[in-house]
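Each protein sequence line maps, in turn, to chains G and R.
Residues 107 to 429 (my numbering) are what the first sequence spells out, left to right.
Residues 107 to 429 (my numbering) are what the second sequence spells out, left to right.
No lab work stands behind these hints, which were simulated from the structure alone.
Values in this document were obtained by computation on a predicted structure and should not be read as measured data.
Any given hint could turn out to be false.
The list cannot tell twin chains apart, which means a pair is met if one copy fits it or any two copies do.
[As the list claims (entries may be wrong)] Cross-link-like lysine-lysine pairs, in silico, DSS-like; alpha carbons within 27 Å at most:
(1) K215 with K403
(2) K372 with K234
(3) K403 with K204
(4) K306 with K372
(5) K209 with K403
(6) K234 with K376
(7) K376 with K306
(8) K139 with K403
(9) K137 with K204
(10) K209 with K137
(11) K139 with K204
Each chain, letter by letter, is given below.
Protein chains: 2
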Amino acid sequence: VNMDTGTRDFYIGLSLAVSSSIFIGSSFILKKKGLLKLSHRAGSGGFGYLKEWMWWAGLILMGIGEAANFVAYAFAPATLVTPLGALSVLFSAFLASKWLNEKLNILGKVGCLVCLLGSTFVVLHSPKEQEVKSLQDLQYRLADPGFISYSIVVLILSLTLIFFVGPRLGSTNPLIYVTITGTIGSLSVMGCKGLGVGIKEIIGGNTHELGNWFFWILLISVVFFISVQMVYLNKALDLFNTAVVTPMLYVVFTGCVILASGILYKEWSKLPAEDIVGNLCGFLTIISGIFLLQAFKDLNISLPHLSSMLYNDNNSNNNNINN
Amino acid sequence: VNMDTGTRDFYIGLSLAVSSSIFIGSSFILKKKGLLKLSHRAGSGGFGYLKEWMWWAGLILMGIGEAANFVAYAFAPATLVTPLGALSVLFSAFLASKWLNEKLNILGKVGCLVCLLGSTFVVLHSPKEQEVKSLQDLQYRLADPGFISYSIVVLILSLTLIFFVGPRLGSTNPLIYVTITGTIGSLSVMGCKGLGVGIKEIIGGNTHELGNWFFWILLISVVFFISVQMVYLNKALDLFNTAVVTPMLYVVFTGCVILASGILYKEWSKLPAEDIVGNLCGFLTIISGIFLLQAFKDLNISLPHLSSMLYNDNNSNNNNINN
Numbered sequence: 107v108n109m110d111t112g113t114r115d116f117y118i119g120l121s122l123a124v125s126s127s128i129f130i131g132s133s134f135i136l137k138k139k140g141l142l143k144l145s146h147r148a149g150s151g152g153f154g155y156l157k158e159w160m161w162w163a164g165l166i167l168m169g170i171g172e173a174a175n176f177v178a179y180a181f182a183p184a185t186l187v188t189p190l191g192a193l194s195v196l197f198s199a200f201l202a203s204k205w206l207n208e209k210l211n212i213l214g215k216v217g218c219l220v221c222l223l224g225s226t227f228v229v230l231h232s233p234k235e236q237e238v239k240s241l242q243d244l245q246y247r248l249a250d251p252g253f254i255s256y257s258i259v260v261l262i263l264s265l266t267l268i269f270f271v272g273p274r275l276g277s278t279n280p281l282i283y284v285t286i287t288g289t290i291g292s293l294s295v296m297g298c299k300g301l302g303v304g305i306k307e308i309i310g311g312n313t314h315e316l317g318n319w320f321f322w323i324l325l326i327s328v329v330f331f332i333s334v335q336m337v338y339l340n341k342a343l344d345l346f347n348t349a350v351v352t353p354m355l356y357v358v359f360t361g362c363v364i365l366a367s368g369i370l371y372k373e374w375s376k377l378p379a380e381d382i383v384g385n386l387c388g389f390l391t392i393i394s395g396i397f398l399l400q401a402f403k404d405l406n407i408s409l410p411h412l413s414s415m416l417y418n419d420n421n422s423n424n425n426n427i428n429n
Numbered sequence: 107v108n109m110d111t112g113t114r115d116f117y118i119g120l121s122l123a124v125s126s127s128i129f130i131g132s133s134f135i136l137k138k139k140g141l142l143k144l145s146h147r148a149g150s151g152g153f154g155y156l157k158e159w160m161w162w163a164g165l166i167l168m169g170i171g172e173a174a175n176f177v178a179y180a181f182a183p184a185t186l187v188t189p190l191g192a193l194s195v196l197f198s199a200f201l202a203s204k205w206l207n208e209k210l211n212i213l214g215k216v217g218c219l220v221c222l223l224g225s226t227f228v229v230l231h232s233p234k235e236q237e238v239k240s241l242q243d244l245q246y247r248l249a250d251p252g253f254i255s256y257s258i259v260v261l262i263l264s265l266t267l268i269f270f271v272g273p274r275l276g277s278t279n280p281l282i283y284v285t286i287t288g289t290i291g292s293l294s295v296m297g298c299k300g301l302g303v304g305i306k307e308i309i310g311g312n313t314h315e316l317g318n319w320f321f322w323i324l325l326i327s328v329v330f331f332i333s334v335q336m337v338y339l340n341k342a343l344d345l346f347n348t349a350v351v352t353p354m355l356y357v358v359f360t361g362c363v364i365l366a367s368g369i370l371y372k373e374w375s376k377l378p379a380e381d382i383v384g385n386l387c388g389f390l391t392i393i394s395g396i397f398l399l400q401a402f403k404d405l406n407i408s409l410p411h412l413s414s415m416l417y418n419d420n421n422s423n424n425n426n427i428n429n
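Model the full structure from these sequences, guided by the hints.
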């Protein structure tokens, strides 16, 4: 098969994004399994070797997953990589049902299927090539009035939420901290992608980029943004149920990344209208899947429950309609 | 806009398929509304003018819808027209919530969205041009060993179900009558499409097709298949709940039409692999949507019910995991 660099990069990025989700998804399970074993033996004096090993294995898997995710941004468009993050939710739900005996109800199963279908559509319709190939390219694009406006809006919004709205409503409305995390997160992703492209250049031999002040400013901003993001993600998770925070964050975060990426990297500029429609519909499909997977987690419902409605109850309405 | 005949036909077929679903979807509502009004006044002596008018309007709308559906097959591939039949389920659920006060629960709403998204993908990835343009073409294709095998399998399966399995299991397993209806239905659709192409030819000036024995054999077969189909659809609807029959029938019927159409009309022959994947995923997405819309109809669930799980219950597990 004869493949050009753009297509090859696309498939590298795609594989990295998918495997990153597998790593992150299984890391949740390993960490939880380790902690469960630990709590079962709490009386017997604690931190055994095996359990610690499992918890650490989970942490390391998560590190590998996040690294794979970071590298994926250097190869494929953010519009592809970010939405596929949904797969980690799916893998962790699937593995939890296998290894942790957390039963997946029928809505969870349909949610998994819908998530997978949505991810397929995002892959099918995502831009196949990136428009930014060097740090210089990016530096030039950052001056784009569209992206400057986007950044200003994000910063003003976040500062308002952090200093004015958060203290009053943050503990009753999960959307406040989720919005801070998601919008700042979109800036981190834009920076990560730039860093990734820069590192790719350096590995490719362009070592003079190491002396480029822009590279280091990018690195500092990314570290700063990720720290802010972590603080508010932890606040949200402390106060609210993961099953509520996860889908909300997915929507806000992925939505902002798609928007920011569209403005900064112009990933959609060469995309035909039907791919834009397909991409957005795929994103909406994933959101529906995650919602089904998470929102009805504790609902005790299964197909046998539904069999009670199998037969026609032959009331007058039905009879009338069949006449 | 400069459009070739194939593309123009595709959009004509698409519009007809969508409007047919709107007509059929609203016809259900009108008929039901008429019957409800009738039953409310049952004591006062029955068939008033207005109620009869509504019921008849429903029946006429349904006729128009079925006609539009029939004509759609003459313009667009069956792989596009049949799956879009799902939209009639969606419109009728939507209109029932507006006009009949049948509350659509949150799963019904997500189901509608997922149905719409799936339909969009089917449209995006469906073959844009049909391969059969004349009755002669079709006559030639019917001799295809693939299609002959398909027909023989369908006929043997249906006869077995009708004469051996049906009498024993038909009243306990809805899949028996649904399979008869769906598989025979796929033969009706193949015939309808042939008839549609023939009528298009005749209207286009090829009046000698009226003297073609093949046209009349096609017509007789279609009438025969539709009658059989109706008998077993009514049996299924008499015995089982519409909410169970509708999604099952959609899956069997649409699946068989896609298969038969792929064999007979070779609609997929020129389609790139990613459109085939997209088409099948779109079909699966619609199935998930219909399942959500129908299977949980009587479940009393809404977003406020879910808000009880908003907050973290701060049990030891959660604390451990956040540490």
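Right, here's what the structure says about each hint:
In the homo-oligomer, the alpha carbons of K215 and K403 lie at most 27 Å apart both inside one protomer (10 Å) and across protomers (18 Å), since each shortest distance falls under that limit. With identical chains, the CA atoms of K372 and K234 are at most 27 Å apart within one copy only, with a shortest distance of 12 Å there and 29 Å across copies. Proximity of K403 and K204 under a CA criterion of 27 Å is satisfied intra-copy only: 16 Å inside one chain copy versus 30 Å between copies. When the C-alpha separation of K306 and K372 is checked against a cutoff of 27 Å, the pair qualifies only within one copy, where the shortest distance is 20 Å, while the shortest distance between copies is 46 Å.
With identical chains, the CA atoms of K209 and K403 are at most 27 Å apart both within one copy (9 Å) and between copies (23 Å). Within a single copy, K234 and K376 get their C-alpha atoms as close as 10 Å, and across copies as close as 22 Å, so both meet the 27 Å cut-off. Taking the shortest Cα distances, K376 and K306 sit within 27 Å of each other inside one copy (24 Å), while across copies they are farther apart (39 Å). In this homomeric assembly, K139 and K403 come within 27 Å of each other (Cα to Cα) only inside a single copy, at 19 Å, whereas the closest approach across copies is 37 Å.
In this assembly of identical chains, the alpha carbons of K137 and K204 lie at most 27 Å apart only when taken from the same copy (15 Å versus 48 Å across copies). Proximity of K209 to K137 under the C-alpha cut-off of 27 Å is restricted to the intra-copy arrangement: shortest distance 18 Å within a copy versus 42 Å between copies. Proximity of K139 to K204 under the C-alpha cut-off of 27 Å is restricted to the intra-copy arrangement: shortest distance 12 Å within a copy versus 48 Å between copies.
Taken one by one, the earlier hints all hold for this structure without exception.
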